[in-house]
Amino acid sequence: MRYPEPLGFEIGHLVNVITLRGVHTHNLKCIDVDIPLNRLTVVTGARGAGKRSLVFDTLFAEAQRRYLRETSGAARRALAGFQPDADEIGPLPPAIAIDAATTMPRAEESIASLTRLDDAVDALWSRHAVITCSHCHEPVHTHRSADVTAWLLSQPAGTRCTLAFPAAAPVADEQPAWLASFAESGYFRVQVGDVVYRVGQQEVPAVPSGETAWVLIDRIEVGKTASKRVAESVRIGFQRGEGRLAVSLQKSWRVFDQSPRCQRCDRMCAANDGTLAGRRRAEWDAEPLSMLLHWASEAGLLDLHLQLQAFVQLSLGHLTLGGSAARLCDGECNRVALARALVSGLFQVLYVIDEPTVGLAPNDAPIVADALRSLRDHGNTVVVIAHDRAILAAADHVIDLDDGGIAYQGAPAGLASAHSPTGEFFSGRAHVPTSSAQRSSAKALTLTGENLCVTFPLDVVCAVTGFGGGARQLVEDALYPAWSAMTQNTDATPPSRALAGIEHVADMLLLDRRLPPRRSRTCPATVIKVFDEIRDLFAQTADATARGFGPAHFSFNQPDGRCERCDGRGVLAAEFAGIEAFATACPGCNGARYRHEVLDVLLRNKNLGEVLALSIRDAFRFFDAYAAIAKKLKTLLDVGLDHIRLGQPMESLSISEYQRLALAAYLASHRKPGCVVLWIDPSAGQHPADMADLLSCFNRLLAAGHSVIVVDNDPAVLEYADCVIHCPA
Numbered sequence: 245m246r247y248p249e250p251l252g253f254e255i256g257h258l259v260n261v262i263t264l265r266g267v268h269t270h271n272l273k274c275i276d277v278d279i280p281l282n283r284l285t286v287v288t289g290a291r292g293a294g295k296r297s298l299v300f301d302t303l304f305a306e307a308q309r310r311y312l313r314e315t316s317g318a319a320r321r322a323l324a325g326f327q328p329d330a331d332e333i334g335p336l337p338p339a340i341a342i343d344a345a346t347t348m349p350r351a352e353e354s355i356a357s358l359t360r361l362d363d364a365v366d367a368l369w370s371r372h373a374v375i376t377c378s379h380c381h382e383p384v385h386t387h388r389s390a391d392v393t394a395w396l397l398s399q400p401a402g403t404r405c406t407l408a409f410p411a412a413a414p415v416a417d418e419q420p421a422w423l424a425s426f427a428e429s430g431y432f433r434v435q436v437g438d439v440v441y442r443v444g445q446q447e448v449p450a451v452p453s454g455e456t457a458w459v460l461i462d463r464i465e466v467g468k469t470a471s472k473r474v475a476e477s478v479r480i481g482f483q484r485g486e487g488r489l490a491v492s493l494q495k496s497w498r499v500f501d502q503s504p505r506c507q508r509c510d511r512m513c514a515a516n517d518g519t520l521a522g523r524r525r526a527e528w529d530a531e532p533l534s535m536l537l538h539w540a541s542e543a544g545l546l547d548l549h550l551q552l553q554a555f556v557q558l559s560l561g562h563l564t565l566g567g568s569a570a571r572l573c574d575g576e577c578n579r580v581a582l583a584r585a586l587v588s589g590l591f592q593v594l595y596v597i598d599e600p601t602v603g604l605a606p607n608d609a610p611i612v613a614d615a616l617r618s619l620r621d622h623g624n625t626v627v628v629i630a631h632d633r634a635i636l637a638a639a640d641h642v643i644d645l646d647d648g649g650i651a652y653q654g655a656p657a658g659l660a661s662a663h664s665p666t667g668e669f670f671s672g673r674a675h676v677p678t679s680s681a682q683r684s685s686a687k688a689l690t691l692t693g694e695n696l697c698v699t700f701p702l703d704v705v706c707a708v709t710g711f712g713g714g715a716r717q718l719v720e721d722a723l724y725p726a727w728s729a730m731t732q733n734t735d736a737t738p739p740s741r742a743l744a745g746i747e748h749v750a751d752m753l754l755l756d757r758r759l760p761p762r763r764s765r766t767c768p769a770t771v772i773k774v775f776d777e778i779r780d781l782f783a784q785t786a787d788a789t790a791r792g793f794g795p796a797h798f799s800f801n802q803p804d805g806r807c808e809r810c811d812g813r814g815v816l817a818a819e820f821a822g823i824e825a826f827a828t829a830c831p832g833c834n835g836a837r838y839r840h841e842v843l844d845v846l847l848r849n850k851n852l853g854e855v856l857a858l859s860i861r862d863a864f865r866f867f868d869a870y871a872a873i874a875k876k877l878k879t880l881l882d883v884g885l886d887h888i889r890l891g892q893p894m895e896s897l898s899i900s901e902y903q904r905l906a907l908a909a910y911l912a913s914h915r916k917p918g919c920v921v922l923w924i925d926p927s928a929g930q931h932p933a934d935m936a937d938l939l940s941c942f943n944r945l946l947a948a949g950h951s952v953i954v955v956d957n958d959p960a961v962l963e964y965a966d967c968v969i970h971c972p973a
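Okay, so the sequence shown: first residue is 245 according to my numbering, each after it adds one.
Be a bit skeptical, because a hint or two may be false.
As the list claims (entries may be wrong) - For lysine-lysine, the following DSS-like pairs were computed, each having C-alpha atoms within a straight-line distance of at most 30 Å:
no.: 1; residue 1: Lys878; residue 2: Lys773
no.: 2; residue 1: Lys773; residue 2: Lys850
no.: 3; residue 1: Lys878; residue 2: Lys273
no.: 4; residue 1: Lys468; residue 2: Lys495
Hint data in this document are derived by calculation from the structure and do not stem from the laboratory.
Starting from the given sequences, assemble the full structure and let the hints guide the process.
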């Protein structure tokens with residue numbers, strides 16, 4: 245792809261590094277990292293390695309904090325106590341994040357607004373659309389300042405013209421002050437009817453309220469008046485006349501209008517009512533971006549062509565301007581933001597990007613790598629979280645994390661020798677497992693409707709695949725609404741759509757890609773309903789009984805035991821309009837959420853703050869003697885959440901982690917078999933080493949008597965599936 249040419253200077257002499265020393269954010273183990281400036285760095289590692297903690301929670305958060313700190317005194321004072329969880333961080337450029345958590349569109353947002361192509365297309369329509377009045381069917385013309393100026397200058401030499409703008413008269417009592425305001429601005433002539441009056445020298449008759457008077461702004465003579473003065477007078481006339489300007493030529497007036505106003509019936513028309521290249525706006529909005537690119541190329545619209553080219557080359561050509569942005573997957577949202585960055589013209593910026601290849605076919609990953617290199621070549625520092633081999637190979641620098649520590653950092657060529665999950669897979673020493681036997685079942689769900697008949701086998705892993713959003717729409721917009729309508733008596737699906745085989749299904753669980761709710765008082769322990777039992781255990785200790793503490797004292801949502809300074813949140817936060825909250829550990833409780841006297845109560849030599857800081861893996865071992873608690877924690881282990889902390893705030897979880905947590909919560913509270921789990925993009929953001937756990941999770945669901953229907957394009961998932969349904973784009 246040809247992106248705009250890079251900056252015309254050699255950036256090699258600018259190369260330096262961002263130094264991070266003693267980084268201990270979340271599970272990072274006081275690591276030292278060097279990130280070269282003006283280069284492409286890829287951060288990789290298996291689940292729980294600390295990638296987001298390093299890239300987003302440390303690097304991006306500190307760059308953003310420093311930028312905001314310099315914008316105003318109020319921001320500087322508010323951020324005075326907020327410091328990164330690191331001993332030292334070197335100089336940082338201004339930073340921009342491209343991440344599902346920041347690029348996820350609003351429910352009502354369109355593709356046009358998300359891509360920011362709406363302004364360019366609106367301008368294109370206002371200038372080139374052929375508009376017809378819907379009332380009298382007469383052609384409607386709009387006039388730009390440049391067009392009117394060119395028309396005036398094209399008149400025969402010596403032609404004398406007068407320019408005027410319209411002004412609506414106020415009530416009679418206010419007209420003297422109204423006329424005086426024109427004189428104060430240097431406009432001394434006003435035409436009422438066919439007579440021109442000099443303001444201040446002649447008495448101007450009263451104008452009926454709301455009627456139009458014309459204020460003369462200039463007199464020009466073609467060939468003698470400078471073209472610059474003509475252009476300026478036209479511009480001022482349109483500005484003062486709110487889009488309307490009159491020109492007197494040979495004693496006849498001609499009115500120019502920048503708005504689509506019908507000259508015959510004086511009705512305002514909408515630009516969207518017209519046609520462009522023979523198509524109405526609705527037809528344009530329904531065209532894929534790839535077709536619009538072709539048209540823009542033929543029409544010679546360079547700016548629009550460059551913008552559209554960036555989206556099409558990043559495998560987004562199937563999107564339509566009028567489509568719903570809410571239907572995009574994480575990878576598509578990230579690539580939309582990447583395309584915007586490529587045409588933004590910014591340089592010397594730190595871009596942090598999360599998994600830009602999610603949802604792409606493996607063969608398309610190199611085009612994303614080209615885009616990342618182009619962003620780098622324009623003088624930017626690019627830091628990407630990725631696992632794709634093509635992205636790793638394209639990097640100038642690789643940082644491989646493993647369990648909170650540094651396994652390798654250096655050139656991509658040395659990654660194969662790293663003693664880490666990434667090194668194992670990058671070198672070919674390890675592989676994602678495949679299914680040993682294909683399963684089959686006589687049970688199925690059959691969805692029928694207009695031009696639709698799809699059978700989903702049950703008791704197996706069924707993969708729905710395809711690019712362009714068709715696979716997600718089939719499952720999220722057709723199958724799940726049909727189930728809801730037929731089992732819950734809702735109107736979620738049209739009557740023409742039917743679902744057969746529901747007698748084989750006890751329930752249906754949709755694990756989509758929506759962001760988790762930002763509730764700092766919720767954590768995995770509360771979601772799987774194990775926190776009440778943990779608090780009861782602490783309340784039953786001899787120390788708690790002696791102090792008169794009950795279960796409420798061990799809740800960070802109750803005033804009896806929570807830290808008063810942070811109200812049990814564990815952090816102090818600062819928020820700014822449009823900017824995510826900055827948080828730092830509460831100095832009153834050091835992030836533990838509780839009063840000191842509550843933290844003095846121990847269970848098996850750990851206080852409640854220490855217990856909540858345990859990983860699920862360690863918490864399972866800690867509570868192995870308490871069967872009810874261990875059983876619920878086992879559901880988290882079964883879905884691959886052994887690395888998250890028992891009391892981890894929900895807003896710090898990734899979308900994939902939140903999906904698995906929702907699945908674990910369901911399995912912990914529903915013991916009957918027969919559930920159909922609809923899982924959207926389960927492989928998104930998964931390291932190859934994590935795929936084995938994902939496939940094992942599928943197996944455990946099947947063994948428990950459930951069915952799995954996944955929407956995914958990952959080759960490992962498709963190879964493992966027992967049935968594949970392909971949806972064309």
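The hints, checked one at a time:
1. This hinted pair checks out: Lys878 and Lys773 have alpha carbons roughly 13 Å apart, not beyond 30 Å.
2. Under the criterion of a C-alpha separation no larger than 30 Å, the hint pairing Lys773 with Lys850 is consistent with the structure, at around 21 Å.
3. Taking the CA atoms of Lys878 and Lys273, the gap is about 26 Å. The hint holds against a cut of 30 Å.
4. Using a Cα cut-off of 30 Å, the hinted pair Lys468 and Lys495 holds, with the two alpha carbons roughly 20 Å apart.
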